[in-house]
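Work out the full structure: start from the sequences and follow the hints.
Chain by chain, the residues run as shown.
Protein chains: 2
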Amino acid sequence: MGNQFEIKCIPYASFQSIIQSGMDHKRLQLLADMCRYNTLSSVKLAGSGHLGSSLSAIDINTFLYFSELNVLEKGIDNPDRDVYFSSKGHDCPGQYAVLMAAGIISFEKMLKLRRLGGLDGHPDVKIPGMEICSGSLGMGISKAKGFAIGKKLAGDSGRVVVLTGDGELQEGQIWESLQTASHQKISNIICIVDLNKIQSDKETREIIELKNLEKKFESFGWYVQRCEGHDYDQLQSVFDIFDTITDRPKVLIADTVKGKGISFMEGPVALKDNNGIYKWHSGAPADDVYLEAVGELSSKIKQLCADLSVTDPEYKLIERRDKNVVRLKDKAEKVVTAYEQALVKLGKQRSDLVVLDADLCGDCGLKSFEREFPDRFIENGIAEQDMVSAAGGLALQGFLPVVNSFGVFLASRSNEQIYANSTENTKIIYVCHYAGLIPAGPGKSHQSLRDISLFGALNNITIIEPCNAQQTEDALFWSAEHADGSCMIRLIISPSPQNITLPTDYRFSKGHGSVLLEGTDALIIAYGPVMLNEALKASDILAGKSVSLKVVNMPWLNNVDTEWLKDVSGGFDEIIVIDNHMKFGGLGQCVANVMMSDAILKTKKITQLGIDCPPACGTPQEVLQYHGLDAQSLADLITSKKNTALKI
Amino acid sequence: MGNQFEIKCIPYASFQSIIQSGMDHKRLQLLADMCRYNTLSSVKLAGSGHLGSSLSAIDINTFLYFSELNVLEKGIDNPDRDVYFSSKGHDCPGQYAVLMAAGIISFEKMLKLRRLGGLDGHPDVKIPGMEICSGSLGMGISKAKGFAIGKKLAGDSGRVVVLTGDGELQEGQIWESLQTASHQKISNIICIVDLNKIQSDKETREIIELKNLEKKFESFGWYVQRCEGHDYDQLQSVFDIFDTITDRPKVLIADTVKGKGISFMEGPVALKDNNGIYKWHSGAPADDVYLEAVGELSSKIKQLCADLSVTDPEYKLIERRDKNVVRLKDKAEKVVTAYEQALVKLGKQRSDLVVLDADLCGDCGLKSFEREFPDRFIENGIAEQDMVSAAGGLALQGFLPVVNSFGVFLASRSNEQIYANSTENTKIIYVCHYAGLIPAGPGKSHQSLRDISLFGALNNITIIEPCNAQQTEDALFWSAEHADGSCMIRLIISPSPQNITLPTDYRFSKGHGSVLLEGTDALIIAYGPVMLNEALKASDILAGKSVSLKVVNMPWLNNVDTEWLKDVSGGFDEIIVIDNHMKFGGLGQCVANVMMSDAILKTKKITQLGIDCPPACGTPQEVLQYHGLDAQSLADLITSKKNTALKI
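Note that the protein sequences, when read in sequence, are chains D and A. Take the numbering used here: the last position of the first sequence gets the number 648, and nothing is skipped along the way. Take the numbering used here: the last position of the second sequence gets the number 648, and nothing is skipped along the way.
To be clear, the hints were calculated from the coordinates, so they are not data collected in a lab. Hints are supplied without guarantee of correctness; some may be wrong.
Any copy, or any two copies together, can satisfy a pair, since identical chains are not distinguished.
Quick list of in silico lysine-lysine cross-link-like pairs, DSBU-like style, CA-CA up to 30 Å [to be verified]:
| hint | residue 1 | residue 2 |
| --- | --- | --- |
| 1 | K345 | K279 |
| 2 | K211 | K152 |
| 3 | K152 | K348 |
| 4 | K348 | K300 |
| 5 | K323 | K185 |
| 6 | K185 | K345 |
| 7 | K109 | K26 |
| 8 | K185 | K211 |
| 9 | K642 | K605 |
| 10 | K215 | K185 |
| 11 | K126 | K427 |
| 12 | K202 | K152 |
| 13 | K26 | K316 |
| 14 | K345 | K152 |
| 15 | K109 | K334 |
Next comes the structure, spelled out in structure tokens:
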């Protein structure tokens with residue numbers, strides 16, 4: 001069929017036949033392009049993943065595994081191996097492809113990128129060849145220090161090589177680790193900066209300029225070299241020089257091109273084509289784009305094979321799909337879009353509103369505000385601590401800062417700064433984006449499941465998660481206009497799986513939720529589009545079994561009004577609360593506290609559902625099911641309760 | 001009486017008479033020494049406080065307020081004022097003395113350092129002249145950015161001047177803020193580094209060397225000047241030059257002497273006298289030392305007054321005390337001492353034990369381990385994030401890292417790094433020192449009251465607070481030898497107010513506490529030496545009223561065994577839980593959860609005591625009482641409950 005397209009991958013045997021024919025820099029180039037092919041295909045299969053950074057780092061990865069490191073010779077578990085890992089972590093699709101080529105992970109595993117039991121969207125130690133968990137930026141050199149000190153204490157040989165991004169250098173922890181590594185004279189560390197000059201979607205020099213990196217690293221006591229990161233001869237020369245430096249840690253600043261290898265994804269061109277915005281940082285390419293990219297790569301591979309007089313690799317068909325299927329994504333509401341619009345509306349009303357971002361402008365829905373009020377938009381780069389404290393200073397000057405990042409970074413990385421701000425009795429709105437379990441492809445470094453617990457012990461903080469577009473605007477306006485202290489708003493990042501309809505008499509009133517669906521047999525309280533969708537779908541399943549489920553939306557995650565709870569739970573002996581969060585610190589605990597404080601409520605049972613183990617990586621349905629939070633699991637739970645009790 | 005000594009302070013009028021006689025650099029020197037006198041006296045009155053850093057910064061403070069800043073001219077609330085604050089914050093006794101001299105805070109207020117309703121041990125915005133809350137390091141330049149951006153948006157004039165320490169430059173946030181301030185072209189910021197070259201108790205170059213600071217700041221895009229920080233002519237020259245630089249942020253690296261002005265407290269000498277350990281960073285001097293110091297200062301002041309032909313200042317008697325009273329401090333047990341010994345004992349048994357510190361070696365009881373096992377002790381400087389991730393790397397290499405800092409810094413500043421480590425399924429022991437409300441003199445930047453909530457949502461973490469020396473060793477050994485995941489141990493930093501005696505049949509068994517005192521009328525569950533002391537003292541008060549109080553020690557803060565709780569609360573209708581922590585996330589919530597899950601326990605009432613507002617600053621008794629957690633408040637609460645119910 002003309003309207004179908006195919007995803008293909010190059011199998012292990014094809015790599016082996018090249019490798020066994022001997023190794024030289026031209027062969028490395030061929031291997032790298034074959035890995036590029038597999039990277040593109042695995043991301044396309046997964047439906048998401050990071051291409052730009054995988055492609056910029058893949059020559060370095062190929063050079064390291066197939067030429068420089070002793071890993072293939074010693075074995076990945078040998079204590080004397082060279083330990084290598086990526087600090088940024090989002091280049092892992094490329095690294096997985098190289099690890100497959102090296103026989104460290106299987107071909108089948110490579111095809112399961114971002115799937116349950118497969119390869120996490122960011123590195124995880126359970127995956128062979130992955131030495132650390134990463135995905136949150138700036139930790140790699142510190143981790144490398146731990147490995148290097150450990151090697152020394154244990155008397156093991158081998159270097160520790162860590163790859164960092166360039167945007168990542170904006171994280172303060174990097175500079176902590178540079179200074180301590182140098183002071184502690186940890187000489188068996190080599191850091192490679194993948195200097196591809198583009199952050200998530202803009203040039204680094206536009207976000208926060210890195211300035212003279214050589215001078216910076218030197219002033220922190222490191223031995224510095226710089227070369228082309230796609231040139232194997234140059235890479236080899238630098239590593240040869242590094243062998244002679246034994247008195248301090250070493251860094252290679254590797255000039256690379258983001259998206260390298262696919263002409264239209266390559267940094268300079270791709271930026272010019274799209275008004276300075278780089279669109280290949282994350283996400284799978286559309287069908288036609290994928291075909292164009294792999295077409296380009298297979299031509300290159302063909303030419304290289306001809307030059308080297310080796311056989312063309314096999315291209316194994318993995319999947320055949322209908323092209324351009326319309327997906328939910330294109331139709332469903334996004335709360336972050338509602339937030340984007342509400343922010344502009346609020347910005348028009350209040351000239352004291354200032355919006356801060358840590359290099360997630362597009363993901364956090366800030367572009368409209370940035371366009372409309374450039375003076376009141378602060379792009380702070382990947383420096384959350386600095387952003388939060390700067391917001392504190394602005395608040396002390398009488399402004400109302402709205403601070404944005406992914407919840408997992410904002411609530412955690414800058415936790416002490418948030419606390420310090422809270423002691424100043426100013427008002428700040430923190431918006432924790434990418435809240436909760438879904439999407440689960442990027443994995444545990446990105447799923448924000450502790451943010452309520454991390455904000456909860458602050459003084460006078462209100463924590464809200466809206467369920468739809470309307471409530472998102474309500475949450476923002478309430479926080480700005482009515483809250484008497486700081487607020488934290490959690491927003492999911494995906495399109496809503498269904499558009500949640502609020503009752504006609506709905507009011508946004510602190511401590512009070514809304515009944516979305518009346519029912520008489522069981523009661524679920526949940527919040528946010530993801531879990532409410534599962535609850536509502538569970539009600540459909542249960543309706544088929546003549547079980548009538550009441551579903552309540554409770555956006556106030558640390559404020560539950562006792563009378564409201566009594567009212568909404570009237571006639572039920574049990575309250576089921578679903579947290580899109582770890583159970584610890586979530587809404588379930590808040591509800592339990594309220595219940596313990598009231599004689600009537602105390603007589604009821606509570607079932608707290610939520611996450612109580614590290615979050616899984618996979619598709620939304622896989623992962624919801626894994627944690628027992630999908631509609632079917634909820635329905636089954638309620639059915640089993642019904643079977644053991646007269647009334648829930 | 002010969003065995004008495006006197007604390008005196010110089011009143012406001014004496015400063016005014018100098019100031020009104022005109023201002024020149026010699027007069028600034030006189031004012032500074034008079035402020036030094038008051039700094040010493042206020043710290044001596046408080047019984048604690050930071051001298052070394054106050055004394056190194058006091059010339060800069062004097063220069064700024066009485067010569068350079070427009071604050072006294074414009075008024076401290078004027079939007080066009082120069083905003084000035086200290087990022088490190090522990091130099092505030094000196095700054096308070098200067099603010100008193102400037103008439104911004106009252107003489108009476110200055111005498112209430114570290115007292116309830118007085119002057120916090122670290123800066124707080126409620127104090128006139130203090131522009132930010134600080135005390136946790138590294139946030140100041142970021143805050144200054146917020147002020148500077150705010151001034152620009154509001155159209156207000158005035159510079160933003162921020163003082164930092166030198167050890168503080170080890171914090172990664174500093175480098176975030178340097179890069180963003182430069183990129184954002186924030187030119188109305190001046191940073192002054194108080195380069196006194198000594199951290200809490202050692203030379204900075206010994207902890208983590210700062211290397212070429214000029215080169216570092218320049219590579220981050222700042223305009224740099226360097227001068228003597230005690231020389232008013234040089235300070236003036238630098239500020240004159242700064243006026244001409246309008247295109248970027250500016251930094252003055254001010255070479256200072258820690259303890260400046262008191263011969264035997266001055267950096268180089270004081271270090272030599274005490275084997276390289278600086279002992280004047282914090283804490284009040286002993287009586288004789290105080291007398292020697294103020295004696296030295298008053299001679300200098302006398303000479304300067306003579307040189308300037310102005311009248312000697314008045315020395316107002318504030319307090320007359322018996323000298324060298326033996327205090328509780330000298331007799332009581334310290335859990336941190338038990339920890340220090342246990343750590344060495346464990347280090348002898350386990351060669352995989354590695355101890356990490358972030359420049360709090362003495363406070364955290366690490367000196368013995370450092371001495372005994374220098375190779376397995378890592379001094380990481382004030383860089384908690386780096387320390388925690390390095391520990392993660394060590395754990396991945398098979399070591400057992402024990403990570404130390406004050407809880408408020410460790411749990412919060414490095415929270416995301418702790419989370420990342422937790423996803424790697426290694427075992428790490430985190431020791432949160434200075435846990436809880438007491439001592440309350442340093443104030444809310446140091447009191448760790450959120451650490452349980454910050455660790456609680458991690459996977460498979462066990463949180464323990466031991467009540468005495470024996471249990472401290474038990475907690476450390478259990479964590480190392482028996483825990484199947486990471487552990488967090490909370491330790492108070494003060495001497496225990498009483499040595500808690502565990503029952504003879506005591507066992508350290510997860511989820512189980514111990515009855516310290518049998519009773520029949522009311523039940524209190526608490527943990528740690530501070531709150532157990534209050535509970536035990538409450539029982540004495542209540543015994544006088546024929547009320548019999550049962551007191552239970554529960555060291556397992558996130559693991560409460562249901563059967564144990566049923567057993568221990570048998571015969572009581574109510575359980576009172578005291579948290580030395582915010583109520584959110586504390587033991588009280590864990591107990592409430594267990595109660596909600598059990599039909600019998602659910603019928604009982606629970607009263608959760610703890611902290612639910614920002615912690616107060618003051619003496620232990622003042623602050624315990626303020627939060628309703630002192631013995632009398634507990635006894636009153638129980639009495640009032642008794643009066644309204646048959647049985648609690």
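Each hint, compared with the structure:
1. Proximity of K345 to K279 under the C-alpha cut-off of 30 Å is restricted to the intra-copy arrangement: shortest distance 27 Å within a copy versus 57 Å between copies.
2. In this assembly of identical chains, the alpha carbons of K211 and K152 lie at most 30 Å apart only when taken from different copies (25 Å versus 34 Å within one copy).
3. In this assembly of identical chains, K152 and K348 lie within 30 Å of each other by CA distance solely across copies; the values are 19 Å between and 59 Å within a copy.
4. In this assembly of identical chains, the alpha carbons of K348 and K300 never lie at most 30 Å apart, being 52 Å within a copy and 60 Å across copies at closest.
5. Taking the shortest Cα distances, K323 and K185 never come within 30 Å of each other, neither inside one copy (56 Å) nor across copies (48 Å).
6. For the identical chains of this complex, K185 and K345 are inter-copy neighbours only, at 28 Å across copies versus 54 Å inside a copy, given an alpha-carbon limit of 30 Å.
7. Taking the shortest Cα distances, K109 and K26 sit within 30 Å of each other inside one copy (28 Å), while across copies they are farther apart (76 Å).
8. Taking the closest pair of Cα atoms, K185 and K211 come within 30 Å of each other both inside a single copy (26 Å) and across two copies (13 Å).
9. Within a single copy, K642 and K605 get their C-alpha atoms as close as 14 Å, and across copies as close as 29 Å, so both meet the 30 Å cut-off.
10. Taking CA atoms no more than 30 Å apart as the test, K215 paired with K185 passes in both settings, with 19 Å inside one copy and 20 Å between copies.
11. In the homo-oligomer, the alpha carbons of K126 and K427 lie at most 30 Å apart only across protomers (15 Å), although the nearest pairing inside one protomer, at 42 Å, exceeds that limit.
12. Only between protomers do K202 and K152 lie at most 30 Å apart by alpha-carbon distance; the minimum there is 26 Å, versus 40 Å within a single protomer.
13. For the identical chains of this complex, K26 and K316 are intra-copy neighbours only, at 24 Å inside a copy versus 85 Å across copies, given an alpha-carbon limit of 30 Å.
14. Taking identical chains as interchangeable, the C-alpha atoms of K345 and K152 lie at most 30 Å apart only when they sit on different chains, with a minimum of 23 Å there against 58 Å within one chain.
15. For a Cα distance limit of 30 Å, the shortest separation of K109 from K334 qualifies neither inside one copy, at 32 Å, nor across copies, at 54 Å.
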